[in-house]
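Put the complex together from the two separate chains, hints included.
Taken in order, these protein sequences are the chains called A and B.
Numbering follows numbering that gives the first Met the number 0, with no gaps: position 107 of the first sequence is 106.
Numbering follows numbering that gives the first Met the number 0, with no gaps: position 348 of the second sequence is 347.
The hints are simulated quantities; they were obtained by calculation from the structure and are not laboratory data.
Keep in mind that the hints are not guaranteed to be accurate.
Just so you have them, the derived chain B footprint on chain A, three or more residues with Cβ under 8 Å [as the list claims (entries may be wrong)]: (1) 26-33; (2) 43-51; (3) 66-76; (4) 86-99.
Here are a few chain B residues that sit away from chain A, every Cβ distance over 10 Å (derived from the structure) [unchecked claim]: (5) Val48; (6) Leu60; (7) Glu156; (8) Val216; (9) Ala274; (10) Leu363; (11) Ala400; (12) Leu420; (13) Ala437; (14) Phe487.
Which residues of chain B face chain A? A few of them, derived with a C-beta cut under 8 Å, are [stated by the list, open to error]: (15) Phe133; (16) Glu140; (17) Gly153; (18) Gly154; (19) Ile159; (20) Thr163; (21) Ile167; (22) Leu177.
Every residue, glycine too, gets a C-beta built ideally from N, C-alpha and C.
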Amino acid sequence: MSASLTLVVIMAVLYSCGIYLMLERSLTRVILGFLMVGNATNLLLMIVAGPAGLAPLVGGGVDAAEMTDPLPQALTLTAIVITFGVSAFLMALLYRSWRLSSEDNLEDDVADVAMRDSPEALPDDAPGVEPRVEAADEPVTSADGTTNGGTR
Amino acid sequence: MISLVPLVVLIPLVASALALIVGRRPGVQRLLTIGALTAVLVISVILLVVVDGDAPLVMELGGWEVPFGIVLVVDRLSALMLVVSATVLLAVLIFSVGQGLADGDSETPVSIYYPTYLILAAGVFNAFIAGDLFNLYVGFEILLVASYVLITLGGTEQRIRAGTTYIIVSLLSSVLFLASIAMIYGAVGTVNIAQISERMGGIPVDVQIILHVSLLVAFGIKAAVFPLSFWLPDSYPTAPAPVTAVFAGLLTKVGVYAIIRAETLIFPGPELNPALMVLALLTMVIGVLGAVAQADIKRLLSFTLVSHIGYMILGVALGTAAGTSAAIFYIVHHIVVQTTLFLAAGLIERRGGSTSINQLGGLLKAAPLIAVLFFVPALNLGGIPPFSGFLGKLALFQASAEQGTPLAYILMAAGAAVSLLTLYALVRVWNLAFWRPASDVEGYESDLLANVSEAPGATTTQVNRTTPKLMTAATAGMVVVSVALTVFAGPLYAISARAGENLEGPSYYVDVVFPGSNDE
Chain A
0 MSASLTLVVI MAVLYSCGIY LMLERSLTRV ILGFLMVGNA TNLLLMIVAG
50 PAGLAPLVGG GVDAAEMTDP LPQALTLTAI VITFGVSAFL MALLYRSWRL
100 SSEDNLEDDV ADVAMRDSPE ALPDDAPGVE PRVEAADEPV TSADGTTNGG
150 TR
Chain B
0 MISLVPLVVL IPLVASALAL IVGRRPGVQR LLTIGALTAV LVISVILLVV
50 VDGDAPLVME LGGWEVPFGI VLVVDRLSAL MLVVSATVLL AVLIFSVGQG
100 LADGDSETPV SIYYPTYLIL AAGVFNAFIA GDLFNLYVGF EILLVASYVL
150 ITLGGTEQRI RAGTTYIIVS LLSSVLFLAS IAMIYGAVGT VNIAQISERM
200 GGIPVDVQII LHVSLLVAFG IKAAVFPLSF WLPDSYPTAP APVTAVFAGL
250 LTKVGVYAII RAETLIFPGP ELNPALMVLA LLTMVIGVLG AVAQADIKRL
300 LSFTLVSHIG YMILGVALGT AAGTSAAIFY IVHHIVVQTT LFLAAGLIER
350 RGGSTSINQL GGLLKAAPLI AVLFFVPALN LGGIPPFSGF LGKLALFQAS
400 AEQGTPLAYI LMAAGAAVSL LTLYALVRVW NLAFWRPASD VEGYESDLLA
450 NVSEAPGATT TQVNRTTPKL MTAATAGMVV VSVALTVFAG PLYAISARAG
500 ENLEGPSYYV DVVFPGSNDE
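Looking at chain B on its own, in the form it has when it is part of the complex (with noise of 0.2 Å):
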């Protein structure tokens, strides 16, 4: 079993690789990657099986012991975080076939696209099972290089610009996570996250929060934290479709994924609690108002995304076993949900040849299936009962209301009424994309559109009759999976709330990666 841990990035950078070779043979790459992500699949819920029903896998690279050699730590949060990025990768990638075979690859470049794709995935897996600081760091690396590629995918213009303020932020946020790691080993002497947190103890407490928010400042770039979310809503909507749904989906969680670790194992004490939990309202309360200011889709996704983010940085901030766990199942359901978002905008954006809400009408009757596939999701994510979406927030303010402060219960009420502008701004999307009659857009006047302001650079790209079959497919599956999630709530729930016990302080994971610590 403990084989399978490092194939989870050895299979996609290794089809990578084969994939550049075909380069020339567009179908070849198309299966090798389907197939390798595919494999990553498998393995990761073999993984989580496993994991779930015994205990956690340590990998010991190379057979160097810990602390000397690098450790792959794979525990139930990370096999989880698998098994959904795994997912959500491998549906937005058949998703992107369809549309690529639909459009001859004029939007991407058949050769590069599926490589990158592959390194994107390695990248995410490997930040998901180090169980090194500096070996996440590589990961970021990975993910991020990736990235940059494939948000200035085809080189337009609009892309460069959108792309380099991503890429001149996220090369920051690089930088003061590699001095984070520098300043760590000064004080701790060790890179092993394990090490760092039985280490870390020793230190003066003064000393602990400068390390402790200069990580956090870096990991909070990445996830999208306010103040540092600004860069987010400018530059994923220009990107492709899929790509925007990739990056929505995975790249902030992967953020969120490493500012949990970093909460409970290496600063587990409760000094920057009350700090992030404002950061936690601030984030959600802003990120709402600037999706109910847009009428651009893609936008203000973008900008629901970024308040959600607020969501789970709530629950890592109560510090309790509740609130992680309710964390936990909260980013399972956004990773799905929010991708398959994206995904139904680009449907919309194909079907409707824009993404502006002044510019759609009608779609309900052009597309009905579309319909659907915007709706659900739409729903989950406003947190509308019974979607997994309202079970997510309600475990997050039950998590609050059992903490009892009255910081928690402010930002109770803050979830909530955050949540009631999500739905606003989507079932405002809803009205007018696809109930209003085709024949009114035209000079079209309504209170719902005042105040609203246009993507820069808007463009109608012409409508197509049809949708590819593969890329409905794909949204449909992605559907089906938002709405699995909501069937089989209770046992999702039970993991992550297992996964949560298991990050109630960080005694759980040091004994996994050192099983002979407690002796001394």
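If we strip away everything but chain A, and leave its shape as in the complex, we get (with noise of 0.2 Å):
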């Protein structure tokens, strides 16, 4: 089987970066990656279909050998409706973490900094939720005194 070379680079190009901006904390970032990535295996899965050929119509006198290999492009059709879905989703999801708190990035789980912080045993009574100090600087969403009137 030969694969188009250019195909092969633009993969691995995609590829990496997507993985670099799916390490991103920001989840705009993620985001980005992961369409990088989903655009990548998409990609992946034309490569495997081998070199163009002819429309792939039975009885139109085509020989198959010459025919394109019709499967992975209903493959990467689905992939992609399914990404794009997905991606939606994730859109929602990223306006309302950012709603909700203001900021992009993904929050440590609180229980792993409170047991980075305190290498003895939690106190019985302390859940080792830390106040939130970024509570000063959030932006002016609320300043009118709801959270839903929000133009931004």
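Written out as structure tokens, the structure is:
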């Protein structure tokens, strides 16, 4: 099976950039990274289809060996649709997360932080929830006293 | 009979659409959802009887012959998983209906909860009957997307945070799965599982191992096999109680099911079995050590969930029919018991106002029924004879002893120790939450509470004097089912053994999908 070198290079670049972005803390970048990795995987499906050929129509007098493999295209289309739906959900999640905490970063697990900060055992009555220090510099979404009225 | 096969996916999907249409009438929605899942349960039981008595059912979708079309295959393993998952989904649904009715649905937004739940069910059922690797992927995606919605239900800050971890990890596993499918297609030119199985033998062993590992990593994330299990205890406990229960019971087991299929059909060779056994050992031990350190019942149960995945992986990793049978029996037992325990934890939270053993006390006196509903599955999970947890572990140990390698004996020892530690963690919950008088809770000092850590953001909710009858009934129903698994362990184990024998080597499955392939 021969594969197009251009496609392979593009796939590799997309994978590496995508994985780099997914390792970031910012949710926006994670979503961008996911889109890149998803598209890289779609490209991988196209690559395994082999070189492009004629349209795979049965009965057109075309030899099967000269046809493009149609199955990976069907798989890719399905995968694109799934990626599309999931991305839409992720955007909504990102927006909700931003509305709630006014920040884009994924926070540390509070239990992990508590464990890291105190090597000793936690006292019985301290669940290890740290006061949120960033409350002071929150944006002005609550200036008018509502949480829903934001036009930003 | 064959026409019943696609119905297990179609009924939940159609019912979900209808439930969305009648979103403004919660009563109709509830009836529709319960009706749909009951129908699927009945169909699954029929399928199990038919498949166990006769040959597996193979449905060629759209009338396209294999390998050109998509096939749905129901063999003994699939049918058994269908019956158990339908039972669990139905019981949890009734539990959540009870909770919703009592709480005025503040916890579960009416209009989307039931349709999403049905989609999740459709995805789980689809994954169990897929005879095609890509269809398995689609089944995974259906259940995952539904689970994304369920885990962030209500959109509170804590759930969004925990849900984000879960969603990103799941996305990564999906992408890996898809990439593995692409590479497998590149290697063997098909996505039909039976055909892959036939052709995989002709592929060089090193290429096989690459494909095998990439597929196992994708499934391992789903099944929460160490070291890919870190996301689970962080994300499950924050979801609403019924959602956690169904996730804990079913979603990881879909991953284990996929691993069984991969190990027995696609890569039946023994190359990776020792590695899998080591992973099983680590999953068991590290999972249960996590459980011992938790004060929060839901987190504790999440860690035992991870730990007990190790037992199933052990059964699969043995690579023998006995090992696979024991793993199948253990999956059935564990789905039921783990779900029951999470439902019981939901009841405890409602009655005691918390799920932290530091704050609970006197529940035995206050709510004796809940005490029984927690105690029975707790002993069962800990592996006390004569419960099915004991029988499952016994079967696993027998299969390990049959193999007789040093590694197998180490795993047996670890398995026994892990079951004791599980028992320790659960009995501590019993001692503190149920046995300790409520008056002792303030300023209580005990060695049992040294070094346990609380869940992040643990909140106490209002103590409800009454628990809705429907919630208690659903949990009681699950306890009865779990005890029934013990009483009818003989027939159940016989089915598991037959399913395991069918999976010894891929030839049985391949013959079923391609009836004429032996003549070549």
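Tested hints:
{"no.": "1", "hint": "26-33", "result": "holds (count 3)"}
{"no.": "2", "hint": "43-51", "result": "holds (count 4)"}
{"no.": "3", "hint": "66-76", "result": "holds (count 3)"}
{"no.": "4", "hint": "86-99", "result": "holds (count 6)"}
{"no.": "5", "hint": "Val48", "result": "holds (34 Å)"}
{"no.": "6", "hint": "Leu60", "result": "holds (13 Å)"}
{"no.": "7", "hint": "Glu156", "result": "violated (5 Å)"}
{"no.": "8", "hint": "Val216", "result": "holds (14 Å)"}
{"no.": "9", "hint": "Ala274", "result": "holds (24 Å)"}
{"no.": "10", "hint": "Leu363", "result": "holds (21 Å)"}
{"no.": "11", "hint": "Ala400", "result": "holds (39 Å)"}
{"no.": "12", "hint": "Leu420", "result": "holds (19 Å)"}
{"no.": "13", "hint": "Ala437", "result": "holds (16 Å)"}
{"no.": "14", "hint": "Phe487", "result": "holds (40 Å)"}
{"no.": "15", "hint": "Phe133", "result": "holds (6 Å)"}
{"no.": "16", "hint": "Glu140", "result": "holds (5 Å)"}
{"no.": "17", "hint": "Gly153", "result": "violated (11 Å)"}
{"no.": "18", "hint": "Gly154", "result": "holds (5 Å)"}
{"no.": "19", "hint": "Ile159", "result": "holds (5 Å)"}
{"no.": "20", "hint": "Thr163", "result": "holds (6 Å)"}
{"no.": "21", "hint": "Ile167", "result": "holds (6 Å)"}
{"no.": "22", "hint": "Leu177", "result": "holds (5 Å)"}
The structure is inconsistent with the numbered hints 7 and 17, although it conforms to all the rest.
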